[in-house]
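Engineer: Taking the hints into account, I'd like the entire structure generated from these sequences.
Protein chains: 2
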Amino acid sequence: MMASNSPCAACKFLRRKCNQDCIFAPYFPPEEPHKFANVHKIFGASNVSKILNEVLPHQREDAVNSLAYEAEARIKDPVYGCVGAISVLQRQLIRLQKELDATNADLIRFSTNQGSSFFNYPSNWNNDS
Amino acid sequence: MMASNSPCAACKFLRRKCNQDCIFAPYFPPEEPHKFANVHKIFGASNVSKILNEVLPHQREDAVNSLAYEAEARIKDPVYGCVGAISVLQRQLIRLQKELDATNADLIRFSTNQGSSFFNYPSNWNNDS
Chain A
1 MMASNSPCAA CKFLRRKCNQ DCIFAPYFPP EEPHKFANVH KIFGASNVSK ILNEVLPHQR
61 EDAVNSLAYE AEARIKDPVY GCVGAISVLQ RQLIRLQKEL DATNADLIRF STNQGSSFFN
121 YPSNWNNDS
Chain B
1 MMASNSPCAA CKFLRRKCNQ DCIFAPYFPP EEPHKFANVH KIFGASNVSK ILNEVLPHQR
61 EDAVNSLAYE AEARIKDPVY GCVGAISVLQ RQLIRLQKEL DATNADLIRF STNQGSSFFN
121 YPSNWNNDS
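If you're matching them up, the sequences are chains A and B in order.
If you're matching positions, the first sequence starts at 1 in UniProt numbering and goes up one per residue.
If you're matching positions, the second sequence starts at 1 in UniProt numbering and goes up one per residue.
Take the hints with a grain of salt, since some may be wrong.
Which copy is meant is left open, because identical chains are indistinguishable; a pair holds if it fits in one copy or across any two.
[To be verified] Mimicking DSBU-like on lysine-lysine, the simulated pairs with C-alpha atoms at most 35 Å apart in a straight line are: (1) Lys76 - Lys41; (2) Lys98 - Lys50; (3) Lys98 - Lys12; (4) Lys98 - Lys41; (5) Lys12 - Lys41; (6) Lys17 - Lys98; (7) Lys76 - Lys50.
Since the hints were made in silico from the structure, they are not lab data.
Structural biologist: Pasting the structure below:
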């Protein structure tokens, strides 16, 4: 009862009345005050509300969660934000692809060597008369 | 001469005088109006300037470029923004790791098989008396 009457984290932060049609309320529960504080600091409340109004209702939760992720990453790393995570992942992908290429080359070399020991053609194969 | 006198893309967008100490000017040249328009739309000019003032001067170019990357990604994909790229990269990493594990398993199986054909123990090894 108390929870449903208390304003959402966004309205509490912005010190405004939280109405039933509040666009923030479903995604910024009062128990997670940092989630709104972070997106407010990085994107601004009006940009967040613009994005929420721009996407379909069933996409809003994903939109808020990705904005919260980006905001947290930018607060932790003001220079690179979550683009830093993209760089790390891209470097890991390149490393793993190289490792896979090397392992595949080993496998091909191995199977070629094994092949030559499997098929014991007579040494005079071409001289057989 | 003209270029150095014309306001930077940020000051032109914000219709204000571009001074010599403009924090935006080194990173938002007039030739790239979209770069500022994008970060303004997603983060807001004041948040961008706050971030620029928060980081060291030699980090500002990287900060602006990562903000421009994030802003463009959010405009293209309002639901996931550049977090969508992170998900794609994470899925690629998982797929590649599985492929590497499978190739390593093949390599171990191959080398074990080859080993057993190399060493031709007599079939009555344990019954030899």
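Engineer: A separate judgement is required for each hint: does it hold in the structure or not?
Structural biologist: Evaluation of the provided hints:
Taking the shortest alpha-carbon separations for Lys76 and Lys41, both the intra-copy value of 12 Å and the inter-copy value of 22 Å come in at or below 35 Å. Taking the closest pair of Cα atoms, Lys98 and Lys50 never come within 35 Å of each other, the shortest separation being 43 Å inside a single copy and 41 Å across copies. Proximity of Lys98 and Lys12 under a CA criterion of 35 Å is satisfied in neither setting, with 51 Å inside one chain copy and 46 Å between copies. In the homo-oligomer, the alpha carbons of Lys98 and Lys41 never lie at most 35 Å apart, since the shortest distance is 40 Å inside one protomer and 39 Å across protomers.
Within a single copy, Lys12 and Lys41 get their C-alpha atoms as close as 15 Å, and across copies as close as 25 Å, so both meet the 35 Å cut-off. For the identical chains of this complex, Lys17 and Lys98 are neighbours neither inside a copy (56 Å) nor across copies (51 Å), given an alpha-carbon limit of 35 Å. Taking CA atoms no more than 35 Å apart as the test, Lys76 paired with Lys50 passes in both settings, with 25 Å inside one copy and 15 Å between copies.
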